[in-house]
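> The lines below spell out each chain.
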Amino acid sequence: MPAALVHRATRASRVAGVAAIVAVLVLASLPAWADPSTLRLFVEFACLLALAQMWNLLAGYGGLVSVGQQGYLGVGGYALVAAADLGGLNPFLCVPLAGAVAALVAVPTSRIVFRLQGGYFAIGTWVVAESLRLVASNTAAVGGGTGTSLISIREFPKALRESVTFWIALAVAVGAVAALYWLLRSRHGLALAAIRDSERAAASQGVDIAATKFWVYVIAAFGCGVVGALYFLVNLRISPDAAFGVSWTAFVIFIVVIGGIGTIEGPIIGTLLFFVLRETLADFGTWYLIVLGLVAVVVMVRFPRGLWGYVAERFDLHLFPVRRRVSAGDT
Amino acid sequence: MIGWIDTLLQGLLLGGLYALFAVGLSLMFGVMRLVNIAHGDFIVLAAFLAIGIALGVPAGPALLLAMVLPVMVVAGYGLQRGVLNRTLGKDILPPLLVTFGLSIIIQNVLLEVFSADSRGLSAGGLETQSLRIAGDLAIGWLPLITLLAALGLTFALEWLFGHTTLGRAFRATSDDPQAAELQGIDHRRVYALATAIAFAVVTVAGVFLALRTTVSPSDGPGYLLYAFEAVILGGLGSFWGTFAGALVLGVAQGIGFRLDPGWGILVGHLVFLAVLLVRPQGLFPRTRD
Chain A
12 MPAALVHRAT
22 RASRVAGVAA
32 IVAVLVLASL
42 PAWADPSTLR
52 LFVEFACLLA
62 LAQMWNLLAG
72 YGGLVSVGQQ
82 GYLGVGGYAL
92 VAAADLGGLN
102 PFLCVPLAGA
112 VAALVAVPTS
122 RIVFRLQGGY
132 FAIGTWVVAE
142 SLRLVASNTA
152 AVGGGTGTSL
162 ISIREFPKAL
172 RESVTFWIAL
182 AVAVGAVAAL
192 YWLLRSRHGL
202 ALAAIRDSER
212 AAASQGVDIA
222 ATKFWVYVIA
232 AFGCGVVGAL
242 YFLVNLRISP
252 DAAFGVSWTA
262 FVIFIVVIGG
272 IGTIEGPIIG
282 TLLFFVLRET
292 LADFGTWYLI
302 VLGLVAVVVM
312 VRFPRGLWGY
322 VAERFDLHLF
332 PVRRRVSAGD
342 T
Chain B
114 MIGWIDTLLQ
124 GLLLGGLYAL
134 FAVGLSLMFG
144 VMRLVNIAHG
154 DFIVLAAFLA
164 IGIALGVPAG
174 PALLLAMVLP
184 VMVVAGYGLQ
194 RGVLNRTLGK
204 DILPPLLVTF
214 GLSIIIQNVL
224 LEVFSADSRG
234 LSAGGLETQS
244 LRIAGDLAIG
254 WLPLITLLAA
264 LGLTFALEWL
274 FGHTTLGRAF
284 RATSDDPQAA
294 ELQGIDHRRV
304 YALATAIAFA
314 VVTVAGVFLA
324 LRTTVSPSDG
334 PGYLLYAFEA
344 VILGGLGSFW
354 GTFAGALVLG
364 VAQGIGFRLD
374 PGWGILVGHL
384 VFLAVLLVRP
394 QGLFPRTRD
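Taken in sequence, the protein lines are chains A and B. Per my numbering, the first sequence starts with residue 12, numbered consecutively. Per my numbering, the second sequence starts with residue 114, numbered consecutively.
Isolated chain A (complex conformation) (with noise of 0.2 Å):
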């Protein structure tokens, strides 16, 4: 009797790895040849594919509908600029600095929001994001209301400071791929995978729930505080309404929905859709979000899995295989 046999790689994850391997050198390559506003849009396309991840890895696997992201996002830009000008610290090594404050602060928040459940979470979330932004406007060393600007970060030479900016994108996005499919792929993921399928089942089966969905919380915030770092260490002016604004959220749910939420490929395919997107329609101004509401909206009446988890089911395509499959082997 054949043995059966556990594997997780197909062929088309093998030839996506390799693809991934020499995209992310060529993309490394990039300040070497390409012009400045292309480095900045990377910069803004890492920022929101991150963010993404990070909010897929908090809905799609924690069962976490957050609508209050942009909070840790602030964070980690106010965090940024208060420790790089106001500190003296090196602007580039407060990234992860940042969001090491952005995790610390998500740890006595989550006893708060965790006290509501589904739809309740989502508008406690939001509430605190808006909590932190009027710290931030009423805060006079930061510039209050109207923000201020990140001046420690003028003393390397602007090729430099594009160059290692981009570099640290680069580092970000590929991190929060990589992160979250190597959790997803750990001993961890399985337990994500039965609480994103069933809370009360995965309880019987010994998972700590609340436990896990602790640490998807906290993680994500770093993630996110991280971003907030990123982005305005290109932006290089921050204001509470650009950094705790709703909108980061919105953008992102709109990516991931679209995409495919629970998977590791739809932000991806999302985030590079919304990029299309915005700049197909960036002469429409206001139209461009009108016609974005309307698409995830029709999408998640008519396509709850997005994008991805159509192409998915339907061509049993998996570019990240997070999932054990089982065949009869020869040995």
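Every clue listed holds true.
Here are a few chain A residues that face chain B, going by a calculated C-beta distance under 7 Å:
hint : residue
1    : Ile123
2    : Gly129
3    : Val138
4    : Ser142
5    : Leu145
6    : Val268
7    : Thr297
Keep in mind the hints are simulated off the structure, nothing from the lab. On a predicted model such as this, the values are computed, not experimentally measured, just so you know. For every residue, glycine included, the Cβ atom is placed at its ideal position computed from N, Cα and C.
Since the structure of chain A is already known, use the hints to place chain B on it.
Positioned in the frame of chain A, the structure of chain B alone reads:
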């Protein structure tokens, strides 16, 4: 001393406006567990419909309300039947995302039509008149009428839920849609009626909002948060709880504004978060969700 009594009174009156924002949300929460992220935007939409009509037709607030009300009620019924009913189910993401999408759409359409300017409605001189209580203590007629309207609507909704056939259908569907279906209640229709009534309340809220202050297209999310805080502060399951929660929020913001003009809304949020931490079931709960 008199200053603090004034702060308390103004806070209670502000709470009256928040109660108008909140009871509609409480109704939709209560009947179908639907968290409508676009709730605040619908209030702003109703306000702008009234403002838009007032630009062309010289009409008083009551007539404007009478004109906007049927439009919003039909819109609410249609929205529930055509869109929101399809999203309700075990998964909480579809209703959240769809109402989030609607929120973005409403804000940007209003921005296209009315620009980003703040606009309001004229109450025909009522906005400057006040009722003198004692010495320096006076309350405006318009805030007082707003509070009375909130009181009246809360009472009406409690009566509707407790003493009518429709109210019984609402309660039955809220407890168990399948069991209600077995008794011949079409829960999709009941949901649509609940949203229609909620939109009637939203319209009243929108008109009073435009009378009391100016509105701009992006204000909706703020009102959603106040309404949500009132509902959770009061405790789920009763309109009187929501009404009381709105007054608590109004007083908290009033005290905050008195301490520092930049702190008013923040103090409201902090009181909400503190209550959530020490008393997550709310201050006056009737049912456990």
